[in-house]
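Q: These protein sequence lines map, in sequence, to chains A and B. For the first sequence, the numbering used here assigns the number 1 to the initial residue and increments by one for each residue that follows. For the second sequence, the numbering used here assigns the number 1 to the initial residue and increments by one for each residue that follows.
Bear in mind the hints are in silico, worked out from the structure with no lab data behind them. The C-beta atom is built at its ideal place from N, Cα and C for all residues, glycine as well. Just so you know, not all the hints are guaranteed correct.
Said to hold, decoys possible - Here are the simulated distance ranges between beta carbons:
1. A:Ala-16 with B:Gly-35: 45 to 51 Å
2. B:Gly-47 with A:Val-8: 17 to 23 Å
3. A:Met-48 with B:Ser-177: 48 to 54 Å
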Amino acid sequence: MIFIIVNVLLWVLVAALGLTAAVRSKALFREGAAEGVRDFVVLLPRIMIGVVGSGYIAAIMPEDLITSWIGPKTGLLGIAIATLAGAITPGGAVVGFSVGAAALKGGGGAPQVIAYSTAWSLYALTRLMNWEIAMMPPRVVWLRALVSIPLPFLAGAGAMLIGHP
Amino acid sequence: MVERRRRVSSLEWSTAVIGGISLISGAIVFLRDGGARFTAILTNDLGLFGSMLPKMMAGCLVSAFMTRLLPREVVARLVGAESGLLGLLIATLMGAALPGGPLTIYPVAGAFLALGADAGTAIAFITAWNLLGYNRALIWEMPFFGPDFVFWRILVAVPLPFLAGALARGALRFIASQRGKDAQA
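Just chain A, with the same shape it has in the complex (with noise of 0.2 Å):
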């Protein structure tokens, strides 16, 4: 129930910003609607191919492992673990959320899998290095850097508190 609201809300939200474009212009409202279109009909395939992919190799990982290495019982060294895989996957963000959802489904903790997840979003390495480094002034991307190692924590142990997902 809740989430056909979610759905029906994100619809309107959808029409109130088209409209708000096409009174602005009828040009304004094509770009966009074209835009978002093409942006849905390209990422498609490839969220497809993550989604699928990730419940294969889910299947084929062996489950005791994951269990024990970030299973739910593995409490904040599970939420370590999982945030230093985080901070090495490389590639983009297909590579990223297939990793995640694949340990999700092999067994793994969701407190351990929103650290892992946190920490991909915010410190991954080949990111940092290949984007942000070349676009922001190094300092800042450094502090950034440090300031973000203890939020895959709190939000892992934040998941873990009010035991939710």
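Fit chain B to the given chain A structure using the hints.
A: Positioned in the frame of chain A, the structure of chain B alone reads:
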């Protein structure tokens, strides 16, 4: 245009690698566990993926319209003008609201640094974009993890951009005070 091409190509080999590993994994599952297990995993994952399609489509459209209705210059001015805790709050909100890839986000952050925002504000902004952005949540995370996981993941991340910004300010103040001591000594 360059921006788009680079983003796409950087994702391309990632997808190819995951696709290759997935094919091998799928073949192993098929040979080891049989066709029934193979099909069960496929239908299960495609089911989640299919049910997330409306959200993904909406996410793409919201991003495309927001990019046009919320110009980067406006965001840079809004964030660059504020300081203090209000600055961190606005930076967090704007980081969550501004769609786009790294090539959009870092230049915006760079711009409001140039407009006089402190590093803490820029860090709160980038952290919010990374952790709270609806773009990533709707289009990427939902089909992979399902809505329940994503909801709780984002909920525990809500305080983190403020925290990162505040920690950064603290670290800068600490460094400045150390330098001050050195200068006195």
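Q: Are the hints correct? Go through all of them and say.
A: Cross-check of the supplied hints:
| no. | hint | result |
| --- | --- | --- |
| 1 | A:Ala-16 with B:Gly-35: 45 to 51 Å | holds (47 Å) |
| 2 | B:Gly-47 with A:Val-8: 17 to 23 Å | holds (21 Å) |
| 3 | A:Met-48 with B:Ser-177: 48 to 54 Å | holds (53 Å) |
When held up to the earlier numbered hints, the structure conflicts with none and fits them all.
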